[in-house]
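Chain by chain, the residues:
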Amino acid sequence: MSLLQARGVVGGYGEADILNGVDLTVAPGQVVVIIGANGAGKSTAMKAIAGLVRVRLGSITFDGADITNRPAEEMVGRGLAYVPQERNVFASLTVEENLRMGAYVRPSATALGLERAYATFPDLVGKRRAAAGSLSGGQRQMVAVGRALMLAPKLVMLDEPTAGLSPKFCNLIFHRVRAIAAQGIAVLMVEQNARPALAIADRGVVLAMGRNRFEDAGTAVAANPEIGRMFLGG
Amino acid sequence: MLELVNFYLIPGLVLGAIYALAAVGVSLIYGVMRFANFAHGDLMTFGAYAALFFVAGFGISPWAALPLAILATIPVALAADRAFFQPLRRSAPAVLLISSFGVALMIRAVVYLAYGPSPESYTRGFTPPVFLGEIRFQLRHLYILAGALLVAFAVHLLLAHTRAGRAMRAMADDPDLARVTGVPVAGVIRLTWAVAAALAAIAGVFLAIDTELTPMLGFNVLLAAFAGAILGGIGRPWGAALGGLILGLAEELSSYPWLGEGPLLEPTYKAGVAFAVLVLVLIFRPQGLFRGVG
Amino acid sequence: MEPALLYLATMLTLAGIYACLALGLNLQWGLTGLMNFGPLGFLAVGAYTAAILTAPASAQHMGGFGWPWYAAWPLAALAGALLALPIGAIALRLRADYLAIATIGIAEIIRLAVRNEDWLTGGPLGISGIPRPFEALGSPLGEFAFLGLVAACVAGLYMMAEATARSPFGRVLRAIREDEEAAKAVGKNPGAFRLAAFMLGAACMGLAGAMMAGFFKFMGPDALDPVVATFLVWVMLIAGGSGNNRGAILGAIAIWGIWAASDFLAAQLPPELATRAAYVRLFLIGLALQLILLYRPQGLLGERPGR
Numbered sequence: 001m002s003l004l005q006a007r008g009v010v011g012g013y014g015e016a017d018i019l020n021g022v023d024l025t026v027a028p029g030q031v032v033v034i035i036g037a038n039g040a041g042k043s044t045a046m047k048a049i050a051g052l053v054r055v056r057l058g059s060i061t062f063d064g065a066d067i068t069n070r071p072a073e074e075m076v077g078r079g080l081a082y083v084p085q086e087r088n089v090f091a092s093l094t095v096e097e098n099l100r101m102g103a104y105v106r107p108s109a110t111a112l113g114l115e116r117a118y119a120t121f122p123d124l125v126g127k128r129r130a131a132a133g134s135l136s137g138g139q140r141q142m143v144a145v146g147r148a149l150m151l152a153p154k155l156v157m158l159d160e161p162t163a164g165l166s167p168k169f170c171n172l173i174f175h176r177v178r179a180i181a182a183q184g185i186a187v188l189m190v191e192q193n194a195r196p197a198l199a200i201a202d203r204g205v206v207l208a209m210g211r212n213r214f215e216d217a218g219t220a221v222a223a224n225p226e227i228g229r230m231f232l233g234g
Numbered sequence: 001m002l003e004l005v006n007f008y009l010i011p012g013l014v015l016g017a018i019y020a021l022a023a024v025g026v027s028l029i030y031g032v033m034r035f036a037n038f039a040h041g042d043l044m045t046f047g048a049y050a051a052l053f054f055v056a057g058f059g060i061s062p063w064a065a066l067p068l069a070i071l072a073t074i075p076v077a078l079a080a081d082r083a084f085f086q087p088l089r090r091s092a093p094a095v096l097l098i099s100s101f102g103v104a105l106m107i108r109a110v111v112y113l114a115y116g117p118s119p120e121s122y123t124r125g126f127t128p129p130v131f132l133g134e135i136r137f138q139l140r141h142l143y144i145l146a147g148a149l150l151v152a153f154a155v156h157l158l159l160a161h162t163r164a165g166r167a168m169r170a171m172a173d174d175p176d177l178a179r180v181t182g183v184p185v186a187g188v189i190r191l192t193w194a195v196a197a198a199l200a201a202i203a204g205v206f207l208a209i210d211t212e213l214t215p216m217l218g219f220n221v222l223l224a225a226f227a228g229a230i231l232g233g234i235g236r237p238w239g240a241a242l243g244g245l246i247l248g249l250a251e252e253l254s255s256y257p258w259l260g261e262g263p264l265l266e267p268t269y270k271a272g273v274a275f276a277v278l279v280l281v282l283i284f285r286p287q288g289l290f291r292g293v294g
Numbered sequence: 001m002e003p004a005l006l007y008l009a010t011m012l013t014l015a016g017i018y019a020c021l022a023l024g025l026n027l028q029w030g031l032t033g034l035m036n037f038g039p040l041g042f043l044a045v046g047a048y049t050a051a052i053l054t055a056p057a058s059a060q061h062m063g064g065f066g067w068p069w070y071a072a073w074p075l076a077a078l079a080g081a082l083l084a085l086p087i088g089a090i091a092l093r094l095r096a097d098y099l100a101i102a103t104i105g106i107a108e109i110i111r112l113a114v115r116n117e118d119w120l121t122g123g124p125l126g127i128s129g130i131p132r133p134f135e136a137l138g139s140p141l142g143e144f145a146f147l148g149l150v151a152a153c154v155a156g157l158y159m160m161a162e163a164t165a166r167s168p169f170g171r172v173l174r175a176i177r178e179d180e181e182a183a184k185a186v187g188k189n190p191g192a193f194r195l196a197a198f199m200l201g202a203a204c205m206g207l208a209g210a211m212m213a214g215f216f217k218f219m220g221p222d223a224l225d226p227v228v229a230t231f232l233v234w235v236m237l238i239a240g241g242s243g244n245n246r247g248a249i250l251g252a253i254a255i256w257g258i259w260a261a262s263d264f265l266a267a268q269l270p271p272e273l274a275t276r277a278a279y280v281r282l283f284l285i286g287l288a289l290q291l292i293l294l295y296r297p298q299g300l301l302g303e304r305p306g307r
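Those sequence lines, one after another, are chains W, P and D. The numbering used here puts the first sequence at residues 1 to 234. The numbering used here puts the second sequence at residues 1 to 294. The numbering used here puts the third sequence at residues 1 to 307.
Worth flagging that the hints you see were computed from the coordinates, not collected in a lab. Virtual Cβ for every residue (Gly too), placed ideally from N, Cα, C. Where hints are given, some of them may not hold.
What the hints assert, rightly or not - Straight-line distance between alpha carbons at most 25 Å, and here's what the computed DMTMM-like set of lysine to aspartate or glutamate pairs gives:
(1) D:K188 <-> D:D225
(2) P:K270 <-> D:D225
(3) P:K270 <-> D:E117
Unchecked claim - Now the stretches of chain P that chain W is said to cover, found in silico as 3 or more residues with beta-carbon under 8 Å:
(4) 159–168
(5) 171–182
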């Protein structure tokens, strides 16, 4: 029984379709990594699941319910958290306020969530009163992921969590992704940093021109010579 | 020195407090909805006349009428949002701005219809000033300052320490991120209108207590409200409060004879101070004292 | 028969003056996306420039230059453009709504200055005795000739605006309006183009001011009402179809027609009701704007696709 299932998703912004038939399946507790060239529709596919991009054809089900074109603000309550790329913290809010926003739909879970977030990212404890906008890129990413985990979601979607981070932070983030999955939280991740991401992934999906191009176990995708030549830089 | 305090500094503080309330209102709307609401001044006017209605009708003081005026003004803002702004939410901010200009005229027309163009006031007659040593002031000025402080504190509590206030600030930072975090955007927008309308009504009643009521009451200070909000960093309520206060002080202090005998700036041009400040901010620090929303 | 014709000529003259304002605003908002909420300021500067240059000498205000209208009007247009230069240079590089706020400010400052600088403008008393072009022809011929002059100005501005919209310059303006980043990428400096469009539109408004001063033969602060000089122009442009020069003219004629007709109807009411009718009209024009924005945002004609 899959947790997330997208079938033949077609959609985009305004008139132009960016997704031309995307299929995605994520099982509970699984780490799935989406790779592909720029403009392949990786981020757009995630936004379509999150309810930020209109789905014209196809369907998306999550945890047994049809969530196609449901409002974005509903998703958190269903157990589907999303961390966008780049602008992913509330810059003028403090770190702790950012984390509290993660439990907005269920305030009673705030205390437990904060405890868990600080346990996952101990670096944030000393920064709890700092404005999120004043943090380094890596720290922001921790805040964003911590916020997404506040309500212990069933699935968390990360859009290029390591973009612009130093190798040290990249490793830390990938390490945490495995730890998150170990708690039974599935992770769907878009990554440019494809090889290390595939190394920790259960499944790898390659998108091209808004369509599925290839799909296999994470290590198998990384080992595939054709994919390696086309998408992983040799 | 005493002259400076009694005739320039105290009136400047009072005017600054009123501008601060007005500026916080426009800044909140700008932050959450990303458009310059030109109807804010006329919401102030509406609030002031709503209080006049209760003052004249029940013979109560304008202070007692203030809560009623707030309750009368909030539905006006909510109705305008429901009827005109909400359907345009996905349009360019410019369209919302034009629409708010139309709403401003509609509100003003209602005030004209009900009360006509001549000035009105809540109380008749002259109230003697109060002396505190050499310092002299009007009691109403003290009440306005205290009231503005109280309101500012309440707004601070709302924004900094409540879930709804955090959601408003989160929307100002990044509306899409707020949505994916589960913030019910429509509800937060309604709440923001209610808070902004309450602030407008309070600022309008205070201004009318300090001066007099005319149908142009609010529109005449709209520029000062925006200048204060931009000076503070648009979309940043705390900045707007500071910006408004600075502006009120600057306006009153500008006619003090700083150099030589005559006033530095002819009092008739006082209203120009807001414009001058606006221009200076736009030239030298367009993001405002506190970095405004993008 | 003749009074009716004269009335019609008066109405058409004013509609023509409004058409010039709407064409100017269309250059700014319709073509370039610049929000000017202070047409009143540019109109006032043009009106007073023309008034001071053409009115007879008076102890109340500067004047006595005795210029003919055909020399004064271009200067009025230039005055409008010059007022637009600094404010545009400051506000155009910032976000669109800051220009709207700044132009509201400039209009208010001009209103303050007009009221207070007696030596220049006559203060609250204004400037009277402004000669109207062709009044030497007598009535009604003079009025008709003036109408002809206004109509010629409208036609001239229309052709200028059309030529602008079709020129490479106009295409760049539209490109900047639609996608500033893309325009920058092909090496166009959006700031300079916008400023030029802003000044050109302001010049149209200055010229309209000069016509207005000549038409009323008087200019004073009470003639400068933000509702009539700013808001009505916006309603005209949006009703006619912003981005469309024919729409701007059509909107000016249609909205002015409605405005004047409601004046005429209100005048038939008892005085007490007549003032109230003016407020009802204010409400209805605000409502009309909302309904157009909601149900026909493209206006009567809509924007013609660029070529």
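Hints versus structure:
1. D:K188 <-> D:D225: 38 Å, violated
2. P:K270 <-> D:D225: This hinted pair holds, its Cα atoms lying about 20 Å apart.
3. P:K270 <-> D:E117: Roughly 14 Å separates the two Cα atoms, so the pair holds.
4. 159–168: Holds, because 3 residues of the region 159–168 of chain P bring their Cβ atoms closer than 8 Å to Cβ atoms of chain W.
5. 171–182: Satisfied; 10 residues make the cut.
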